[in-house]
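K.L.:
Assemble the whole structure, with the sequences as input and the hints as a guide.
Protein chains in written order, with my numbering: chain A, 1 to 76; chain B, 1001 to 1228.
Treat the hints as calculated values from the structure; they're not laboratory data. Treat the hints with caution; some may be incorrect.
Here are the simulated lysine-lysine pairs, BS3-like style, with alpha carbons at most 27 Å apart [claimed, not checked]:
#1 Lys1005(B) / Lys1140(B)
#2 Lys65(A) / Lys75(A)
#3 Lys1005(B) / Lys65(A)
#4 Lys1144(B) / Lys1066(B)
#5 Lys1011(B) / Lys65(A)
#6 Lys72(A) / Lys1217(B)
#7 Lys1216(B) / Lys75(A)
#8 Lys1144(B) / Lys1070(B)
#9 Lys1217(B) / Lys1011(B)
#10 Lys1005(B) / Lys64(A)
#11 Lys1066(B) / Lys1140(B)
#12 Lys1011(B) / Lys71(A)
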Amino acid sequence: MNLKNLFIILLYIITSSKLLIAQTATNQVEMADTIRQNGKIYVVVIALSLIMLILLFYIWRTDKKITLLEKKVNKA
Amino acid sequence: MKEKKLHFIWKALASICLLYAVVMGFLGAVPRLQILNESIRNLYFHVPMWFSMMTMFFCSVFYAIKYLYKGNDLDDIKSESYINVGVVFGICGLVTGSLWAKFTWGQWWVIADPKLTNSAIVMLEYFAYLLLRRSITDEKSRAKVSAVYNIFAAATIIPLLFILPRMSDSLHPGNGGNPGFNSYDLDSNMRVVFYPAVLGWVLLSIWIASLQIRIKKLNTLIEDNYES
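P.N.:
Have a look at this one:
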């Protein structure tokens, strides 16, 4: 390892660290990046969409029951 | 037969919009903002709650005026049902707003904030409507008095919720010199989720109210025909 190689390596480290600092400047605001990276966000999405589906199904079923009742009452 | 298919369209649209809003609400991109962080996604839920409440209350006052004009009992039933559902959505709006406030402003409620105080006043007005209905036993006078009260209550909504907060200091976005969320979702991906979310929740509120109206109609039919 002569001095020239060492200089090149040092230059590389300095420039890459400058790039890294630029990265953190824009990513300074804490967001849920970790959950997205390890895929756990899909747990949130699936859980909530399941709840929504169940509620919508309940409402739809109530709608059908009322329609049946209306038919009965209108016939009689 | 065509009526049935029409119902299916907007109810299916409501379901699709809601599922889309729930999924994309969490998977979609949002601006990275200080203090708000990920809680900005509450926009997709908190604001539609209030939109739904407004829709319900304005539908209700429409039928209240119609009842006073024509005296058709069905209009009174509709008027009451819309307020019943609207109050539920208003409570949801208050709760989601309070939760959001705890995490962004540090408090569950901010006393003397104009928007918050006025939204509490509007909710109390409509709770009072519900109490008023229960305090009058005669059906016709109950319908008339509550229809008149309905008009007065609906008339207070716009000055209380939309005019006064903007004229004074308020923490709430869109009032007191704070930027509204328009400046956040104008240039980003939030609008794509926000508008379907509003549509979905508003249609859902109409759906739930229509179910309540149909049940009440059936009850009156049964009372008139089968009970003495």
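K.L.:
Work down the list of hints and note, for each, if the structure agrees.
P.N.:
Status of each hint after checking the structure:
| no. | hint | verdict |
| --- | --- | --- |
| 1 | Lys1005(B) / Lys1140(B) | 35 Å, violated |
| 2 | Lys65(A) / Lys75(A) | 16 Å, holds |
| 3 | Lys1005(B) / Lys65(A) | 17 Å, holds |
| 4 | Lys1144(B) / Lys1066(B) | 11 Å, holds |
| 5 | Lys1011(B) / Lys65(A) | 16 Å, holds |
| 6 | Lys72(A) / Lys1217(B) | 13 Å, holds |
| 7 | Lys1216(B) / Lys75(A) | 18 Å, holds |
| 8 | Lys1144(B) / Lys1070(B) | 11 Å, holds |
| 9 | Lys1217(B) / Lys1011(B) | 20 Å, holds |
| 10 | Lys1005(B) / Lys64(A) | 13 Å, holds |
| 11 | Lys1066(B) / Lys1140(B) | 14 Å, holds |
| 12 | Lys1011(B) / Lys71(A) | 20 Å, holds |
Violated hints amount to a single one, hint 1; each of the other numbered hints is respected by the structure.
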